[in-house]
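J.: Taking the hints as your guide, dock the two standalone chains into a single complex.
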Amino acid sequence: MTGNAVEIENVTLHFPKQRNALKMMMNMFRRKKDRFTALRNVSLTVKKGEVLGIIGKNGSGKSTLLRIISGIYPADEGSCKAAGSISLLAGLGTGFSGHQTGKENAILYGSILGHGEEIMVSKLPEIIEFSELDAFIDEPVRTYSSGMKARLGLAVASAIHPDILLIDEVLGVGDPQFKEKSKKRILDLVKSTGTVVLVSHSFGLMKEVCDRLVFIHKGKIVDVGEPDEIIKLYYETTGS
Amino acid sequence: MDLNTLNYELGFMSEDSSGPVLKEVGGRGVSWKSPLTNITVLFKHRFLVRNLVRKEIRGRYRNAMLGYTWTVLEPAMLASVYYFLFIMLAGNPDKMYPVWVILGVIVWSCFGKALQGTVSSLSRNGQTIHLVYFPRIIFPMTAMQGNIIISMMSCFVVLPIMLFYDLPVTIYLLYIPLSILMAGFLAIGLGMLVAPLNCIQRDVEHLFRFIVRAGFFLSPVMWTYEMALERGVFGEMVLYNPMVVPLTMARHGIAGESIGIPWAGILGSLGFGVVMWILGSYVFNRYEAGAVKHL
Chain A
1 MTGNAVEIEN
11 VTLHFPKQRN
21 ALKMMMNMFR
31 RKKDRFTALR
41 NVSLTVKKGE
51 VLGIIGKNGS
61 GKSTLLRIIS
71 GIYPADEGSC
81 KAAGSISLLA
91 GLGTGFSGHQ
101 TGKENAILYG
111 SILGHGEEIM
121 VSKLPEIIEF
131 SELDAFIDEP
141 VRTYSSGMKA
151 RLGLAVASAI
161 HPDILLIDEV
171 LGVGDPQFKE
181 KSKKRILDLV
191 KSTGTVVLVS
201 HSFGLMKEVC
211 DRLVFIHKGK
221 IVDVGEPDEI
231 IKLYYETTGS
Chain B
1 MDLNTLNYEL
11 GFMSEDSSGP
21 VLKEVGGRGV
31 SWKSPLTNIT
41 VLFKHRFLVR
51 NLVRKEIRGR
61 YRNAMLGYTW
71 TVLEPAMLAS
81 VYYFLFIMLA
91 GNPDKMYPVW
101 VILGVIVWSC
111 FGKALQGTVS
121 SLSRNGQTIH
131 LVYFPRIIFP
141 MTAMQGNIII
151 SMMSCFVVLP
161 IMLFYDLPVT
171 IYLLYIPLSI
181 LMAGFLAIGL
191 GMLVAPLNCI
201 QRDVEHLFRF
211 IVRAGFFLSP
221 VMWTYEMALE
231 RGVFGEMVLY
241 NPMVVPLTMA
251 RHGIAGESIG
261 IPWAGILGSL
271 GFGVVMWILG
281 SYVFNRYEAG
291 AVKHL
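Listed in order, the protein sequences are those of chains A and B.
Each residue of the first sequence is one higher than the one before, counting from 1 in the working numbering.
Each residue of the second sequence is one higher than the one before, counting from 1 in the working numbering.
A couple of the hints might just be wrong.
Stated by the list, open to error - Here are some of the chain B residues that sit facing chain A, going by a computed Cβ distance under 10 Å:
id: 1; residue: Pro20
id: 2; residue: Val49
id: 3; residue: Lys55
id: 4; residue: Arg62
id: 5; residue: Leu131
id: 6; residue: Tyr133
id: 7; residue: Gly290
Simulated from the structure, these hints should not be mistaken for lab results.
It should be emphasised that the depicted structure is a prediction, and the values quoted were computed from it without experimental measurement.
Backbone N, C-alpha and C define an ideal beta-carbon position, used for all residues, glycine too.
Next up, chain B with everything else stripped away, as it sits in the complex (with noise of 0.2 Å):
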């Protein structure tokens, strides 16, 4: 007899306490603290979630030579084609022009394959989801981070480039990964939004292709914000994609300036950020159960 049952015999404890009690399975669904929960949810299983990201970035360059190299060489040689391009084009731009270039590919890559990353969490998991429960959300959470480390690690092209042109170092460097960052909270929401519903239609995965493809063309990757000011109303309009904000930030941190955009257009894009967290949380939450069915 062991001393739980013994306490229990001699009265000591409440039939409560001698064992587990009976709760509902998986208690989950939606409530109005599901915002908040999702993220909590991510420390308490931060074993997991630490497994789960170390997955993610193994998978990136596997059987590559160069391995984490690539993290770097990709946005510098996107770039360079860029640059050329761009000359063809435009004709000769201003000598900081190919920095301008890799940090916009850089903090574009991550929104893009966090999106589409977290899009297509649910879909791309569909063993590990019939295997066993844990909250959901962990699943598109562990694309985004494992896209924003890829994505740090690309950073450290910045180090050669300041050294070429013998930047100084300020505190608005920190502007780069915070711009990473947000770039990452930027794409979260809106796949949290739309993974669901890809369990049932696989469509959203390739529309969402698209809108990353053509999103790099609307948003300052080869050019500027500074360049859309100089055209005008264009200055303006650009202040409606939310991306703009950390695009501009990369590259006035490593400037070593200020960001340089009015206060409205920042707390836009952070708002639009917050919107979409909530409203994905929500959705996320509703709908995930039904929707795995459909794996």
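Pulled out of the complex, with its shape left as it was, chain A reads as follows (with noise of 0.2 Å):
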């Protein structure tokens, strides 16, 4: 396939600052406002079939940019077009209910992640064995631990083959055993979905799967290219 998954064209994203009335009144008035700009006029083009790697520091506009990608933020400025349909691994195990039981969550959360009725029950024994819960999966989710829950949450999330998948940082959830076994879910997922846009700290695994990096800086783009010209980039924009 030929083409662009993802354009991302001059996207600014601004979050508010005060949580004062009064501020906020007096700054709808104001010229230049108070405020953070997490991105500033980002361009980004993700290619069909690629796996394209995020890196940055903390609070750089990492996860907003995924954010912006899935539609969870709309962009202040600019404009964000996708082709197909998107899903975000992130935060696995938050927006779990917890007086309901595993079984209970994995088909609300899969709905969540927008999955069909029809899908949900035919990969929900998959998801149950994958989550190596057992016994625990009839029970409620607040008697789970919170690898538990991050079990259940990468089960649902794998489960499911979307056109574009875009990971925030969820590999190494559990004990060392389920992480080696997360770790290479999440990177058959990548294999065998078209496109991925990934977050990740861990640069070893990030120079093994993605074809290109992305630095960001500040919410901007300091530069796209190979893997190995990026994190050496990262080190010396940001220091060793």
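T.: This is the structure:
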């Protein structure tokens, strides 16, 4: 397949700063608004079938960029276009409803991620098996440890194959054995999905799987290119 | 080489159909059709809606031995308290008075809880909102639907009442579920109108908790529309309160009578709901995207 899977053009995104009503009203009339600009004039294209990695320091705008692509935040300026279904893997295990069982939560979480009833019903045995929760699957989720929640989250989130997969630092959940298994599962998912955008701090993995890397610093894209060069640039810019 | 690429190579397909095309992400915002699309979106996402409503209902009676029995117990117990309060304040009421209070409490709780639920629907679901995008109108809608279903369960309390008072089964009994639907409908428009604002300033939530409490006394929950009619001018004044219609409707339903409110009053109440729905839809769809940045 040729062409672009994601086209981001001159996207700027601001976050409001005040939580005080009076200051906010004053802000509305001010020329120079007091706000935090998370992304500043960001342009990026993701080609169909490529694995693109995003690196940058904490708070540089990596996750915000993924949220723009998945439509959680609309851009204040510029446009973001995508081809096909998008799925964001982030914060596994959050948003579960504690008093419902693991099974019910798997279906709830699956439907939140946008899957239909037939898909969830057919994938459920596979999800339960992968999560390794055994008898716990019929217990309320509030009795789960955080690792167990993350396992269930990963099992649900990775059971489906979207056109574009966005992964936000979800590698390495659970105990060492499960960590290995989850890494393999995600790598399989990355391979079987055409287009992947990956945010991670583990540069070893990024070098291994990514075709190109993007370096974001303070809400701006510094450079896009070969993984080795970009990682070198990262250390040069941020200091090692 | 799969069939699509083969067809493409041979020139059977245009480039567009070789895969998904680029589209603007999200595709939301306000259009003149918003009040309509906010309904159709529920059918499109019905599996998700069903699961979220179930979560809403399950969350209410978690870890409770009596579970869903509370949906009936709560209004019955509340009504008995108000009954004694009323006897103390106003003296000897008619023998149907406890029934009027119990139905009043059920219909008003539906409105009050649906209103508070929709007002806080975005701010409560911050985690889900930051995880994935789906039309956000689903949050207030599921909050309302959950409360309507719980109130419908409460309605089973009318069965023992009807036996005790030896009331006939009539077609007018349909007024009871209808009044609950109407109470929910009156709540959601208002809730949608302010839900985005509540993300920015939680004061809205506290204000609406007060409004629900004050409205309890200003609406015919402990008193009835007929009592207001006996006070002359108040009978006309109370019709400006849109909740008078569903509350009175439920009571006339169990008594097996027609509604007994002038048509203008009924249309006014329904009109209020429709106007609020339209206004709420525009405001919600216009402002939710900016508001969730505050979560």
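J.: Please go over all the hints and tell whether each is borne out by the structure.
T.: Quick rundown of the hints versus the structure:
Annotation: interface hint on Pro20/B holds; nearest CB of chain A at approximately 3 Å, less than 10 Å. Satisfaction of the interface hint for Val49/B is found here, the shortest Cβ-Cβ separation to chain A being roughly 9 Å, below the 10 Å cut-off. Below 10 Å, beta-carbon pairs count as interface contacts, and Lys55/B has one with chain A at about 5 Å; its hint therefore holds. For Arg62/B, the shortest C-beta to C-beta distance to chain A is roughly 4 Å, which falls under 10 Å, so the interface hint holds.
With a least beta-carbon distance of about 6 Å to chain A, the hint placing Leu131/B at the interface is held under the 10 Å criterion. The restraint placing Tyr133/B at the interface with chain A holds, with a minimum CB-CB distance near 4 Å, inside the 10 Å limit. Nearest Cβ of chain A to the Cβ of Gly290/B: about 8 Å, under the 10 Å cut. The hint holds.
In the structure shown, no violation is registered for any of the earlier numbered hints.
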